[in-house]
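*Asks:* These are the residues of each chain, in order.
4 protein chains.
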Amino acid sequence: MKNIKLAYIGGGSKMWARVFMNDLAVTPGMCGEIALYDIDKPAAERNKKIGERINADSRTVSKWNYVVYDKLEDALKGADFVACSILPATFEEMHADVHFPEKYGIYQSVGDTVGPGGVLRAMRTVPIYEGFARAIAEVCPKAWIINFTNPMTICTKTLYDVFPQVKAFGCCHEVFHAQEFLSCVAHEELGIPRPDRHEISIDASGINHFTWITQARYKGTDLLELLPSFMEKHFEKGYSESVNGGAHDFHGDPFRYGNKVKMDLFRRYGALAAAGDRHLVEFLDNSRYLKDPKTAEKWLFGLTTVDYRKKQQAERIKESDMLASGQKPVEVERSDEEATVLMQALLGKGKVVSNVNIPNRGQMPDMPLGVVVETNCVFDDDSVKPVVANPLPLAVRNLVYQNAMNIETCYHGIKERNMDEIFASFINQPLMAGLPVDKAHALFKEMVGATKPYLKDYYNLKGYE
Amino acid sequence: MKNIKLAYIGGGSKMWARVFMNDLAVTPGMCGEIALYDIDKPAAERNKKIGERINADSRTVSKWNYVVYDKLEDALKGADFVACSILPATFEEMHADVHFPEKYGIYQSVGDTVGPGGVLRAMRTVPIYEGFARAIAEVCPKAWIINFTNPMTICTKTLYDVFPQVKAFGCCHEVFHAQEFLSCVAHEELGIPRPDRHEISIDASGINHFTWITQARYKGTDLLELLPSFMEKHFEKGYSESVNGGAHDFHGDPFRYGNKVKMDLFRRYGALAAAGDRHLVEFLDNSRYLKDPKTAEKWLFGLTTVDYRKKQQAERIKESDMLASGQKPVEVERSDEEATVLMQALLGKGKVVSNVNIPNRGQMPDMPLGVVVETNCVFDDDSVKPVVANPLPLAVRNLVYQNAMNIETCYHGIKERNMDEIFASFINQPLMAGLPVDKAHALFKEMVGATKPYLKDYYNLKGYE
Amino acid sequence: MKNIKLAYIGGGSKMWARVFMNDLAVTPGMCGEIALYDIDKPAAERNKKIGERINADSRTVSKWNYVVYDKLEDALKGADFVACSILPATFEEMHADVHFPEKYGIYQSVGDTVGPGGVLRAMRTVPIYEGFARAIAEVCPKAWIINFTNPMTICTKTLYDVFPQVKAFGCCHEVFHAQEFLSCVAHEELGIPRPDRHEISIDASGINHFTWITQARYKGTDLLELLPSFMEKHFEKGYSESVNGGAHDFHGDPFRYGNKVKMDLFRRYGALAAAGDRHLVEFLDNSRYLKDPKTAEKWLFGLTTVDYRKKQQAERIKESDMLASGQKPVEVERSDEEATVLMQALLGKGKVVSNVNIPNRGQMPDMPLGVVVETNCVFDDDSVKPVVANPLPLAVRNLVYQNAMNIETCYHGIKERNMDEIFASFINQPLMAGLPVDKAHALFKEMVGATKPYLKDYYNLKGYE
Amino acid sequence: MKNIKLAYIGGGSKMWARVFMNDLAVTPGMCGEIALYDIDKPAAERNKKIGERINADSRTVSKWNYVVYDKLEDALKGADFVACSILPATFEEMHADVHFPEKYGIYQSVGDTVGPGGVLRAMRTVPIYEGFARAIAEVCPKAWIINFTNPMTICTKTLYDVFPQVKAFGCCHEVFHAQEFLSCVAHEELGIPRPDRHEISIDASGINHFTWITQARYKGTDLLELLPSFMEKHFEKGYSESVNGGAHDFHGDPFRYGNKVKMDLFRRYGALAAAGDRHLVEFLDNSRYLKDPKTAEKWLFGLTTVDYRKKQQAERIKESDMLASGQKPVEVERSDEEATVLMQALLGKGKVVSNVNIPNRGQMPDMPLGVVVETNCVFDDDSVKPVVANPLPLAVRNLVYQNAMNIETCYHGIKERNMDEIFASFINQPLMAGLPVDKAHALFKEMVGATKPYLKDYYNLKGYE
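Residue numbers (the working numbering), protein chains in the order written: chain L, 1 to 465; chain E, 1 to 465; chain B, 1 to 465; chain Z, 1 to 465.
Isolated chain L (complex conformation) (with noise of 0.2 Å):
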């Protein structure tokens, strides 16, 4: 049994910490401690009780020492593992990222990874980050990092390049997604019932939330050969792995889309993106799937509000309460999330191939070294270590590049505090195809208007007040 410590920034996770606290009582051969830090105490507090009630629960198996901490350092003292789960700011300012640009007419699907809403979380998150950067290199440089939050490539970023020695990866679920489409495919090409996710073998690239598959296969069978004949069937209606077919009624939950998007981009580069729908379009010229709320309804996927979130927040602030209170029982059991598994591996316990995010070193050849990337990776013993991607077609190979740069010209402008540099990554976003240079100028002062209190302290902002 080993004993370890883990530090959770961002500790009072609504949703996420639960998944996560099950998935570690359920996993054998670990034990030890998990330091929750949260800027919201009580609800790291909260996530501490919960925590006991699955420690005291028969189905679990390892049970761990929840402590609260007051300073990040003394949640990172010691640690072997490192998990960042945050909020950067609040939902008002989410809604600003979010909401502000419609009024231009520029609309997001999510709003939280690139395009104006990503660039201005970026903003906001990278100087946190920082911080969290120079407390591991100085209490824990030898701890794992685990990273979860949004923008994951630019958090990412921002560890390695404040403490190049540092050992983080970013971890993102999108993947599986696709894995569970093509097991659809598989399932309903080959007549056979619907495989495992894991039993799909599959080579992504690029970069989070806009990743691509160059080969997929099940147990000896390319499953990529099969897509136009499964598409040929399923193109109009669209196709969601999560309901096992056609995908007409998504306006209940702003989360769901029918892969109608996905089918459309491997009609026309033979590669399938690995991401959500709703995550890829925002990666692209804006005028092709998020011109406006019709064409994405017509696209089959959600437009994410704000509102829905903080809707949804609630309910899980209420059900956390009950949960920690003990009017309702705790659900002890594993989830589809790898974040144990990988920490297994990690810790010796046999060796595991994941797709995560951490900087390129040679695992995506045509991209430049040091922007991180999204591939597989083997996780073994003390070591994370990127495999070779497959080779992207050249034209989607240009669309990565474009948003990976666009990505490194913000990192870099916000590390510069320089205003100018960001607004150049802000108005080269796709996105933002469409807007004249002087209304995306006055969209971007509009919204760093509107997240002032949280970047003032980091940005000259004089002119944008």
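Read the hints as simulated data drawn from the structure, not as lab findings.
Fair warning: there could be bad hints in the mix.
Identical copies carry no separate label here, and so any pair may be met within one copy or between two of them.
Stated by the list, open to error - Below, a list of computed lysine to aspartate or glutamate pairs in the EDC-like style, where the Cα atoms sit at most 20 Å apart:
(1) LYS318 to ASP438
(2) LYS298 to ASP366
(3) LYS351 to GLU199
(4) LYS5 to ASP457
(5) LYS445 to ASP264
(6) LYS219 to ASP80
(7) LYS2 to ASP222
(8) LYS219 to ASP382
(9) LYS5 to GLU102
(10) LYS2 to GLU199
Following the hints, put chains E, B and Z in place on chain L, whose structure we already have.
*Replies:* Okay, now just chains E, B and Z, sitting in the frame of chain L:
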């Protein structure tokens, strides 16, 4: 006196041939044969006559033997230099290239480099250049090839891709205009007489018609530092180096522009674009400067219609006829073109530094090797060696890369005769931002249809008829 | 049960064939045809008989249909896998490779990889492999090619250079020995039972027979940190993993070694060489460890004479005859070789990580792309994907690069049939340090002369007769 | 007339200062201050006096104000240019560098660049240059730094590594001699008067003192094609460009050589080494040309003893005294050195192409970025831009890479003050081929001991006393 043979492919050129023959006439130290080859043989014959009139002129220093050939191979045989300057197809096809997209709201100021027109022109040109490359490889593999044909990047790429040992470079005078513009800046800001453009030292790099100046100096003075003050005065009304000042009335001349785009880009990116504004705007999201004719007018550049080109050509033919017949006297004087200067350097008469287009072999370390780029090169005895360029600002580098990779995708699709890949590059053109896929495909089909006689021998046009 | 065809080039192998057939026999889930092809057809027939005896054994899980072919193309037809394991020419030529240089004071411990013997062997092997590559390209382009022939690097290079789409990799077990050595270290330093080598996680990279381990761990413990203490105890008398300890008397077995070279190199460079000492020393200036037989003895490794190999082979043939005829019972048990394990992974039966030789496409970012390197790779359903290796220490990287580039020069010279370039690589071999140019040339001439019948069809040997 | 300040570090130079002051005196268009700084202040004072005598000479075109400074920072303050030309430690230490290895059978012809002497000299020089770099960064970050000190590569590396924005380049005249040699070839083979070396166009690349000429032309004629015929005649007896012919008696002058090594290398590699033979041989396995003094004699180059250098220096000091006191008249005439020519180009008085040493940023695409290489560069108004060099033949590229990486390893070890890593580079020097590790270590220890006073402040010499 060096005795050489220069083969002139497209030797029936209506305008550029005259300029070149004049330059040759006033260049000392070289003589020999000019082998004219053109599918329009009478035009070549007419140029031969003009050449002979130039020979007879008293200002002529070097006389040349003008010979018209029926066959390309005969013209190339024994050539030391090959100049290529052709119009792929006719102005009828160019009319489709430039004006068909307008029905879909896509405007082009030139239409021969990138954008929808550039793609179609490339489809016609590459197969022709493949033939040139094969003929050169067989008949005159050691000759220096000087390309003037657009799309410049893709023509140069074809030569090197088909015959990797080719000694080719692409010449374009756009950067000279930027030097003239900087000469005006020096004049106005330093209070000195306008310097000769050759005295303005620059470092320019990028791809043809989308090059950027990262350093510009005049006798120890940094000219880029003077730009903000200069622009303060001239941004509003524009400034044309060709009229030494404000640039209000361009309606008569669709080739002129007020450098307002260039000044706007400088303010955003801190680098001075080197090509003319008409060209620059075609590499950028069309909503910025090329949304429609009114926007173009606001930004002080003209849209060159093909009707204008036809009219202009008719006048040039008329003038050529008069020069050939002696009704009009020839003007033997040196132009600002550099081809003859570069030829002399290649013959071992001293080093010259000039910007030309060749495949990247290190001169732009941030761009993939093999991509055709435009940078300074040292011309010396039988050698053209690229000079390593300053890095471009990140945001500019991204724009250049994105366009360069669109061109690579386009070339690759054409080389493989793969209509889907060509369309992938077509739809990814920045000028196509804002056009939905189905409309883009309809436009592509219309454009292919209009230029079909020049494509059908090379491409499988099933579905495009 | 997957039905496959495996073509075995060099299917008359005296030793390795038996091992492989046994491994196939105990591997569940695969069956089909083993197509034996060998220029020594009786040897192939003999192996077919042994194979059939194995089929008849009660321990056999999977039976295979053994077929002997007269023509390479017939053996390859329809193959899913191709195993290549040949001896280029005979032991007579190998005698010249290994022992002629001794007259000039150049000793070799193996003589089949680099050094003068490696160059001559490459000269004989590459033309043969060019033929294999062309046949594979035509007959079974989608088959997986498993190479076992030395010189490994140059054989693999030839396959990819002649047929870039080839799906080939080179397998070598040298790294396994290093894992065994580390297993001994874990045993002794941690006071635990000797772990299975598969439990030792390593990151190894370099070129075949000159690979280096930059990371080695056993269930969370860093083994490289234990080496200094281990070496303190064992450096003087050496330590052999095959006898679990001190290594004093090797005179009878020229394949054994005491890891004293490996320990010496670790002390100097901080990285553990992964190949056996006999191989390592051939990549280094011969004055270090291979100055003469006495020096080799001092460093506790043997020089494998070709006479020994001949004797060994005669015994093996005798044994094969007895196995084929049933005079001796077959031993059906799994070996430590990994070929069948990798085949299963390629057939989609689960991921495996193992170190093999393929061209660099990013896995060693400090080495030129295209150079054949040995690193960890992920074997998965129809794919071999290299894992990006840790950077080597600068001084080691230089040694690896230098040898890799000698091999590239050698290959390039052979490919171009350019005797001068081959000699340039010959004289630049580290083992040739100390030999003046004229003597080196005399040696080269003698060695070429000795193996002339195998060279004359490919090279212009004027001046070498 | 441009008014500038040039700081001269090592301004007490016995020989080169005079040459430089003369060149400055006859260079029109520049004037100002020469700030002399030297730890041997009287030597600087003496040069000041010589400078003033030059000022007084009638042939002097530009007069300079010579000022001697006590403090480096004062000398640097306001400098536009900084010339660095120092002797690290004294000839006593250089005696150990050059002659201690002889006891171990290791001979050196120069001993200041690579080989055991080069490593020790680097150990003394790098800490000094780190100080220079820090002072320049603080006091005159925009000045152009011209380095003349050996080891050239490692001095230049230090400046850029400590202060990445430094505008530094390293000047060496070795390539000029190769041009002179080629001038002799042109003279003899073409039957023309010996051309001026500036008329010989070359492409040279590599690392300092180990550069290679891949192209050499004289007014349209390929000189490399003439070499075989020239060498046929001169290989046996050698040929020295400095005496226009046969080179039999060098015993009096250890700086001369007969180019026999150069001719031998050309025959093997097809590329002409550009540095003098004395330098070249130090980059190659010592058994080739530098086995012992007799071998050197056979190859027609001299071993420069430090006694000779001491004697030569004493004469130069005597001569300087006489020049300073007026006992001997100054000789005001232009030398063949290019420093003043390059300075003029940097001041905006026209482009110059010359070969200098700067970090690789694309000019040698086959070498790692950041390694200091010597290639042609374009000197222009405030800029030095490298020209992309022809690729070297594979075998030569390997030799260059190997030496460049030894230097990188050496530099890295010195930077990190890591004696083990320094020794790893020491033992990997080609000149050390043939020396067993234990003897190499004994030699290293002796050499470190001999130069200890200059090392002890920087390195942990425990175990070296």
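*Asks:* All the hints need checking, so say for each whether the structure fits it.
*Replies:* Structure-based check of all given hints:
no.	hint	in the structure
1	LYS318 to ASP438	neither (44 Å within a copy, 47 Å between copies)
2	LYS298 to ASP366	neither (35 Å within a copy, 40 Å between copies)
3	LYS351 to GLU199	both (16 Å within a copy, 10 Å between copies)
4	LYS5 to ASP457	neither (33 Å within a copy, 43 Å between copies)
5	LYS445 to ASP264	between (35 Å within a copy, 18 Å between copies)
6	LYS219 to ASP80	between (37 Å within a copy, 15 Å between copies)
7	LYS2 to ASP222	between (40 Å within a copy, 16 Å between copies)
8	LYS219 to ASP382	between (30 Å within a copy, 9 Å between copies)
9	LYS5 to GLU102	neither (44 Å within a copy, 59 Å between copies)
10	LYS2 to GLU199	between (29 Å within a copy, 17 Å between copies)
In summary, the numbered hints that this structure violates are 1, 2, 4, 9.
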